[in-house]
Amino acid sequence: MKIQQQKKLYFTEGKSDKVYEVDLCESGGDLFVVNFRYGRRGATLREGTKTVFPVDYEDALSIFNKLVESKEKKGYSESGSVSIPVKQNTAREDTILKYLEQAIAGTYSRDWKVSKIILRCAELNIKLASPLIARFISSNDEFEQYASIYTLCVLEDDIHVDLIYNVFKNENFSNKSGRVAVAYCLKYGNDNVKKEIQNKILNTLPSELGNHIKHPRLFYAALKDYFLKEENIDASVLYYVYLYSYIENSGREELYKFLESIPLKVNTFKSVRYIYRVAHLLDDYQFLGLLSKRMGVSTPGYTSNYIYSGQQWTSVDIEKKKENPSVAFSSKTRKYFNKNTYSLVYKLSKTNIPCYLDYAVAMLVSLNDKTDRNASNVQYNYIYDSVERRYITERRIFPRYHEFTALMYVLYGNSTLLNRNNTKWFYSEDIKLEDLERAEILPEVWNSNPEKVLYVLSHAKSEEAVFFALRIIKEKKNILDSLLLDDLQRLVSHYHPKVLDVILESIKNKYKNIQPEDAIMLALLSSKNERAIELGLGWLNFYERDYFSRDEVVIGLLLTGEVKVIDYLKTLYGSIPKYNFILNLNALSGLFQSHSIYTEAYLLEVNNLIGNTTFGSLLSDVSMKEINKLASSNSVTNKLFAANLAKNNKIETFLLFKDSIDKYINSDDARLRQVGIELLSQFPDHFLLENSKKISGFCFSEYEEVRTAIQPTIERLVNLDTDFKTSLFNSLLIVLIEAEKYDGLHANCYSLLTENYKHYLNDISHEFMFKLVLSHYEYAQKLGLPLFKQHIDLNTLPVEKLVSLGNSDIFEIRKMLQDYFQLHIPKINYELEKALLIFNSSWQDIIDWACDYFESSIEEKNWTVNMLLYACDHTKNEVQAFGRKMITAHFSEEKGLPLLMKLQEHPTKEMQFFVTNYLETYAKDSPDVILKLETYFKTSLFNINTHRSTKTRIYAFLEQESVKSKVVAEMTVRLINSILGTKTIKDRSNNIDVLLSIYDVFPEIEVPLLIKSN
87 MKIQQQKKLY FTEGKSDKVY EVDLCESGGD LFVVNFRYGR RGATLREGTK TVFPVDYEDA
147 LSIFNKLVES KEKKGYSESG SVSIPVKQNT AREDTILKYL EQAIAGTYSR DWKVSKIILR
207 CAELNIKLAS PLIARFISSN DEFEQYASIY TLCVLEDDIH VDLIYNVFKN ENFSNKSGRV
267 AVAYCLKYGN DNVKKEIQNK ILNTLPSELG NHIKHPRLFY AALKDYFLKE ENIDASVLYY
327 VYLYSYIENS GREELYKFLE SIPLKVNTFK SVRYIYRVAH LLDDYQFLGL LSKRMGVSTP
387 GYTSNYIYSG QQWTSVDIEK KKENPSVAFS SKTRKYFNKN TYSLVYKLSK TNIPCYLDYA
447 VAMLVSLNDK TDRNASNVQY NYIYDSVERR YITERRIFPR YHEFTALMYV LYGNSTLLNR
507 NNTKWFYSED IKLEDLERAE ILPEVWNSNP EKVLYVLSHA KSEEAVFFAL RIIKEKKNIL
567 DSLLLDDLQR LVSHYHPKVL DVILESIKNK YKNIQPEDAI MLALLSSKNE RAIELGLGWL
627 NFYERDYFSR DEVVIGLLLT GEVKVIDYLK TLYGSIPKYN FILNLNALSG LFQSHSIYTE
687 AYLLEVNNLI GNTTFGSLLS DVSMKEINKL ASSNSVTNKL FAANLAKNNK IETFLLFKDS
747 IDKYINSDDA RLRQVGIELL SQFPDHFLLE NSKKISGFCF SEYEEVRTAI QPTIERLVNL
807 DTDFKTSLFN SLLIVLIEAE KYDGLHANCY SLLTENYKHY LNDISHEFMF KLVLSHYEYA
867 QKLGLPLFKQ HIDLNTLPVE KLVSLGNSDI FEIRKMLQDY FQLHIPKINY ELEKALLIFN
927 SSWQDIIDWA CDYFESSIEE KNWTVNMLLY ACDHTKNEVQ AFGRKMITAH FSEEKGLPLL
987 MKLQEHPTKE MQFFVTNYLE TYAKDSPDVI LKLETYFKTS LFNINTHRST KTRIYAFLEQ
1047 ESVKSKVVAE MTVRLINSIL GTKTIKDRSN NIDVLLSIYD VFPEIEVPLL IKSN
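Position one of the sequence shown corresponds to residue 87 (the numbering used here), numbered consecutively onward.
Each hint should be verified, as a subset may be incorrect.
Dumping the calculated DMTMM-like pairs for lysine to aspartate or glutamate here, alpha-carbon to alpha-carbon at most 20 Å [to be verified]:
hint : residue 1 : residue 2
1    : Lys664    : Glu638
2    : Lys421    : Glu489
3    : Lys913    : Glu886
4    : Lys779    : Glu790
5    : Lys857    : Glu898
6    : Lys136    : Glu158
7    : Lys518    : Glu549
8    : Lys310    : Glu340
9    : Lys844    : Asp809
10   : Lys159    : Glu99
11   : Lys1010   : Glu1045
Pairwise CB distance ranges, derived in the manner of DEER restraints [what the hints assert, rightly or not]:
hint : residue 1 : residue 2 : range
12   : Lys518    : Ser706    : 49 to 59 Å
13   : Thr685    : Asp142    : 46 to 56 Å
14   : Asn505    : Val473    : 14 to 24 Å
In short, the hints are calculated from the structure, not lab data. Remember, it's a predicted structure, so these values are computed and weren't measured experimentally. Virtual Cβ for every residue (Gly too), placed ideally from N, Cα, C.
Required output: the full structure, derived from the provided sequences and hints.
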């Protein structure tokens, strides 16, 4: 910044030696700031400013003089100060006019360029200079020509259209003179001039865009595609589109939305820059405000002075001069436009209040919390205090958009809390946005223009704009009295909850004694605000008859997106249609859009309303084409709408869905599958009969909702077709006794059997009844038990059939079996061998009961060797123990040896030990028997570290019998030879003892011992 004036003041008293410096500096754009520094002489000075926002020279000079005067009154003086004198500007207009005259006469010789002098006339609004400036329209110097046309446009000199239009015809859009000439001609030219410019635009636009220019939807789709190309893009396209829309006064909203989101990059920023300049000259504040914001808050495309382009590092200045540069929108560019925008806003606030308001409003409504990346943040600044010799921490809270100077001026131009650090503004205290007091510049202007405040509030997309307007309304509540219906609708539907909170009381008072307009009532119901919805429902109920006399209100209610409204309609149309008229489905098209604004939950509620209340009769005239279109949609809710609309439609359901029913039933969505089956139930008999096989398959579908929903249709088919009935009956029974493929399948089959085949269940064969009660599946057992009890007489069953009941999972069946055995002990004794098969039961209660029963109820004479062996050989340990117990109890002479020979083959260790009990009785002194037990001995002795007692008995028995018989002794030696390498020390000792005993009696038998004589 260039210093225009500076004062250095000093104060010395006792130990105090302080300095206070004041600068008046030019900040650019003919605006100035007053900064100061203070502290101990020779130390680092603390800095501050008296102008949070730059001001014009007169205001800055006044602030400067007042500050110096206040310090001098406190004892500061200029002793040793350095002062830069200020040249007074009282004669500057005369000087500028003189320079222009010299330039025209060819006698001007100063360094200040003529183009700069001309532009200075625009800055200072020197209208007397217009005739002189007009002489430069035909200048050969491009900058002088541009400056003259620009300045004449700003000075509102409108008499040079023909001359300036010739400049455009010569230059076209190729340079800045041609472009500024276009702006001048659009502002002051007649319709013919504008038409010629428009034709030139159409001829300049790429053909793929120009062909669609009169059809905004097609045009902007083509424009998006155009910018997706990788090459041959005209960077001025958006500029041409802006000019065309300005002339035609159409398509501006579409262009505005496009410019809201377009990135400020190569191929687009050139146009953005051009539009900014022409919008300024045309006083088009809607677009000027938007682009001011975009350039004020967007992230720069680059910040360095060098970039990597064409496989080499290049100076940015060189790159920008290329016809198609690879860079755009630098940090310097943003700073330049930020300063330019502030300068314009400031000057308008001083010279043109209506334009200032338009510009300020445009900037405020362009703010968007969702897309603007600027965020508030906190920083800490450390200042060294040389007196206390420590650093002081200053907390700086930067509000959102703190670098957007023009906006900060609009919002906080009168703030006493805001401080400035270079081009950033900050607070030193935490203050919530909603708690700030009014601090905008020109508060009285906003007070007297309530429509502007309400426009900002109703169009705001940012909290900064919302709370700006709310602060004004909070102080000036009568502003709400100016609300028009359109504003009210927008405010009621506003995205920010605070807006509706503020205006609700005003709305209540306004409609205290009169019925609100349909639009207001519907807007409240659509607001997502609990208080507003409650108020809207109250109105709807109170003025029900009148509201429901118009079908557009009912349509509007369906489009509110509020579930409470649908609940209200469900109550109103619960059993009879209280208000009956036909609705047009096209008016509800918003419910069926592929990218719906409504939640799925809400759309399902509307579906429920149409399909399950009398409200559906209001849509009974929907055409087959419309229902088919919804049915063929990819949207689940649309398919549901089609089905629910069919419920009250005059056209037969079969005709509506015969071609789409399979897609419903086979859908991945459970709701569509269920509704598909429900639709099928309304199909005619001939269709069901023709497709009976496919339909029966739905009974066994993997989807429970399909199995449940198909049952009424199955009932119809059962009554229509005997063969179908029989076939399905058998299939249902078989599925019941098989493993359940899908959760709930058995339950559905059971339901069908008990409801549709109630009188046919008695025809099930006894054999299948057995299968049912022996099944491991709940619903098979549930079906089988009553049938078994009713039809099966246990007295007629053979014992082998009876014992199979011991495997039933049904306790009652097992109890019936036990009771039967108790009542028929003679029969069981007679058929004991078959009865013993009950031990194969998988139920422990049956095993335990059977052991007790057979022990107490079976006579000894009926136990054969094979029966006892069956028990001992059983896989269950409990049964084996029972068998051993029975052998002990019934071990007679005639059974002894056969049992011993059989039991010795048993592999279990328990049985091997049990056999040792009978060696002395049935094998002693019987070499033939002992030889037959060789395998038993070998198996038992091979066990390592187990059943020591069994082996001890066997070793003792073998030693005892080996000394009696040579053949037994030889067998024993064979046994010991085979097991010698596997034994423990204890076993080896036993082996040696036995071998020594044999050697003593039969020395001729070779033993595996080396015996030394003493």
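If you check the beta carbons of Asn505 and Val473, does the distance land in 14 to 24 Å? holds (22 Å)
Take a quick look at whether Lys518 and Glu549 sit within 20 Å of each other, Cα to Cα. holds (11 Å)
20 Å Cα cutoff - pair Lys159, Glu99: Status holds; Cα separation ~15 Å.
Honestly, do Thr685 and Asp142 meet the 46 to 56 Å range at C-beta? Holds: the Cβ-Cβ distance is about 54 Å, inside 46 to 56 Å.
For Lys310 and Glu340, compute the direct alpha-carbon distance and say whether it is at most 20 Å. Holds, at roughly 12 Å.
Need the status of pair Lys1010, Glu1045: alpha-carbon distance at most 20 Å? With Cα atoms ~12 Å apart, Lys1010 and Glu1045 stay inside 20 Å; holds.
I want to verify a distance hint. Is the separation of the beta carbons of Lys518 and Ser706 within 49 to 59 Å? Because 55 Å falls inside the window, the suggested range holds.
Checking one constraint from the list: CA of Lys136 to CA of Glu158, max 20 Å. Satisfied? holds (17 Å)
Check the hint pairing Lys844 with Asp809 against an upper bound of 20 Å on the C-alpha distance. holds (17 Å)
Going straight from one Cα to the other, do Lys421 and Glu489 come out at no more than 20 Å? holds (9 Å)
Would you mind confirming whether the straight-line C-alpha gap from Lys913 to Glu886 stays at or under 20 Å? Answer holds: Lys913 to Glu886 is near 12 Å, not above 20 Å.
Taking 20 Å as the top limit, are the C-alpha atoms of Lys779 and Glu790 close enough? The hint holds at about 19 Å.
Every hint from the earlier list agrees with this structure, and none is contradicted.
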